[in-house]
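All chains should be built: construct the whole structure from the sequences, respecting the hints.
As they're listed, the protein sequences go chains A and B. Taken in order, the first sequence gives residues 4 to 229; the numbers are from our numbering. Taken in order, the second sequence gives residues 135 to 529; the numbers are from our numbering.
A couple of the hints might just be wrong.
[What the hints assert, rightly or not] Subject to a maximum C-alpha distance of 27 Å in a straight line, what follows is the list of computed DSS-like cross-link-like pairs (lysine-lysine): (1) B:151 - A:143; (2) A:104 - B:141; (3) A:104 - B:322; (4) A:143 - B:145; (5) B:145 - A:104; (6) A:104 - B:357; (7) B:141 - A:143; (8) B:516 - B:151.
[Stated by the list, open to error] Residues on chain A that point at chain B, a partial pick, calculated with CB under 7 Å: (9) 56; (10) 61; (11) 63; (12) 85.
[Said to hold, decoys possible] Reference listing, derived: stretches of chain B covered by chain A, where coverage requires no fewer than 3 residues with Cβ under 8 Å from a Cβ of chain A: (13) 139-146; (14) 430-442; (15) 446-458.
Hint data in this document are derived by calculation from the structure and do not stem from the laboratory. Think of the CB as a built atom: it goes at the ideal place given N, C-alpha and C, for glycine as much as any other residue.
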Amino acid sequence: MTEAVISLDAIKKYYYMGEFTIRALDGVSMEIKRGEYTAIMGPSGSGKSTMMHLVGCLDSPTEGIIYIEQEDTSELGENDLAYLRNAKIGFVFQQFNLLSKMNALDNVMTPLMYAGYSYRERVEIAEHALEQVGLGDRMKHRPNELSGGQKQRIAIARALVNDPAIILADEPTGALDTVTGEQIMDLFEQINEQGRTVIMVTHDPEVSSRCRRAVHLRDGKIVEDI
Amino acid sequence: MFWEFAKLALKSMISNKLRTILSLLGIVIGVASVITIVNLGESASESIQQEIAAVGLETISVTARTRDREVRRLFDLELRDRIEQEIEGIDVAIASHQYNTRVRWQNKSYSGTVMGVGHQFAQSMEYSAVEGSFFSDRDNEENRQVAVLGSLPAEELFPDGDAVGQFIRIFRGDTARTYRVVGIMEEKSPSFNIQFNQYVYVPYNTYANRLTNIEFVQNYVMKTVPGADVLQVADELDAFLDRIVGSEHYFLFTPSTIADMAANVTNTLSLVLASIAAISLIVGGIGIMNIMLVSVAERTKEIGIRKAIGASPGNIMTQFLIEAMTLTLFGGIIGIGLGIGISNAVVNFFNWDFYPLVNVYFLAAGFSMAVGIFFGLYPARKASKLDPIEALNYE
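This is the structure:
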């Protein structure tokens with residue numbers, strides 16, 4: 004049996020708004036195994052983005068423990084969490100979230116800087132990553148000079164550049180037209196075939212149909228896991 | 135990592151030119167003041183040293199300061215002789231007195247100062263004649279009506295030269311007496327209160343007995359024995375004069391007292407400029423803090439993205455500290471340039487030589503960076519503590 008890369012143990016995330024308590028996640032337990040390609044689905048407000056943030060160590064749960072590669076993340080400090088996000092997780096966002104003042108190459112080089120690579124190594128690795136996503140000829144372009152699909156490719160190159168075990172994608176095709184969306188999905192499929200665990204948050208059935216596993220959330224609980 | 139962040143900071147400074155300039159104004163003024171102070175102080179003290187070197191370190195001057203006729207009478211030639219004899223270390227004491235008047239030759243006229251002075255004056259001051267010679271001991275002893283011209287009266291009265299041997303008329307009130315020109319002096323830059331070039335010199339005895347009816351010596355210029363400790367001699371002289379005329383009735387100048395006075399002036403100036411510098415550096419620092427807080431707020435999203443891709447709080451903090459430092463260093467460099475310009479202009483205005491203290495430029499640049507770090511600390515800390523999710527969702 005393959006080991007669990009991510010495991011969630013009775014996760015609760017509550018937001019307190021005065022008298023109201025919003026139960027964004029209300030007791031979610033699940034495991035994701037190495038190399039899995041999982042879609043997290045659900046209507047807006049179902050808690051899928053919250054789950055994404057928790058798995059990505061951008062936020063911590065109110066209750067419960069998240070394990071990333073068997074490591075208890077509740078024990079980790081800010082710096083250790085930053086290391087985890089840098090080394091083990093790659094994020095891809097719906098709105099790309101590129102650094103607008105820097106060109107494609109500099110964007111992709113940034114995670115390598117935080118990982119402590121020398122400038123020369125950073126350039127080499129980042130150029131290779133951009134070539135992998137088909138942007139070898141757009142390295143010096145700034146995000147505002149590129150199309151949505153190209154921006155998302157930069158974001159994917161940036162997510163891959165530190166060779167993380169897990170790729171977290173939050174509606175990665177949400178801001179793209181159908182054809183471009185398809186191409187991006189192909190790219191994720193390739194990434195998954197290389198052995199990386201891919202988790203994709205989406206409400207688009209087209210997208211989830213290409214994933215091997217679909218977890219449906221509603222009101223902070225798992226209602227279906229196929 | 136340092137260069138990446140410094141480069142980013144420079145880029146954003148260039149894209150926000152006006153904002154950068156306004157936020158740096160305080161630092162620029164502060165650093166410019168510091169550089170001005172230091173350069174002016176150094177140039178002034180160097181120039182004073184040079185003036186001292188021009189009259190010679192071995193000069194002491196005593197000026198009578200009294201309206202009391204009884205006390206005034208104490209300032210006589212006998213006092214000069216006693217100083218020469220009784221104060222060890224005084225080589226020669228020269229009496230002098232002066233008044234402002236007109237001097238005429240043919241139809242030309244010079245308005246200036248006539249100085250009655252001992253014959254040793256020229257030699258003691260290392261002041262030489264370009265034509266003829268300074269008057270002699272005999273001219274003085276015999277009350278001869280001879281005059282020596284400084285370069286200004288020489289030029290005004292005898293633009294065509296050939297002054298020696300001519301007879302000029304020196305006025306005293308409405309009456310004039312005739313003096314024979316025996317020498318023209320070289321140009322010599324003024325030292326302290328002696329404006330060498332402006333005077334018409336006549337022998338002291340002639341001045342006292344024939345030209346005027348003065349009852350007292352206005353000024354004694356003294357030369358110390360070579361190798362004597364001028365300050366010690368001055369102290370002895372001071373004690374001696376206190377006994378004879380009373381301490382409140384004269385001024386005693388040595389090069390060092392004059393240097394002290396000049397230093398006081400420079401110190402006052404420095405103090406004023408230093409206060410300006412301190413205030414503007416604080417105000418400038420607050421300006422930097424303000425602009426950095428704006429920058430952090432504007433770039434909340436960027437901070438969120440950086441955190442998501444693995445920036446630690448320390449990384450974020452470093453980034454904003456380097457940015458603040460780059461900003462203030464840039465301001466510091468502008469301030470240094472401005473300070474050099476201002477001090478150079480002032481030095482030229484006073485006709486001093488420019489003595490810049492280059493080491494201080496590096497110190498000022500370092501200090502500017504320190505201001506950046508100090509006032510950038512709070513905004514940088516704030517940035518590093520932003521919640522990643524909130525930052526990412528910030529629009």
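Against the structure, the hints:
{"no.": "1", "hint": "B:151 - A:143", "result": "holds (24 Å)"}
{"no.": "2", "hint": "A:104 - B:141", "result": "holds (11 Å)"}
{"no.": "3", "hint": "A:104 - B:322", "result": "violated (65 Å)"}
{"no.": "4", "hint": "A:143 - B:145", "result": "holds (16 Å)"}
{"no.": "5", "hint": "B:145 - A:104", "result": "holds (9 Å)"}
{"no.": "6", "hint": "A:104 - B:357", "result": "violated (74 Å)"}
{"no.": "7", "hint": "B:141 - A:143", "result": "holds (16 Å)"}
{"no.": "8", "hint": "B:516 - B:151", "result": "holds (25 Å)"}
{"no.": "9", "hint": "56", "result": "holds (5 Å)"}
{"no.": "10", "hint": "61", "result": "holds (4 Å)"}
{"no.": "11", "hint": "63", "result": "violated (10 Å)"}
{"no.": "12", "hint": "85", "result": "holds (4 Å)"}
{"no.": "13", "hint": "139-146", "result": "holds (count 3)"}
{"no.": "14", "hint": "430-442", "result": "holds (count 7)"}
{"no.": "15", "hint": "446-458", "result": "holds (count 4)"}
Comparing the model with each earlier hint shows violations of hints 3, 6 and 11; every other hint is respected.
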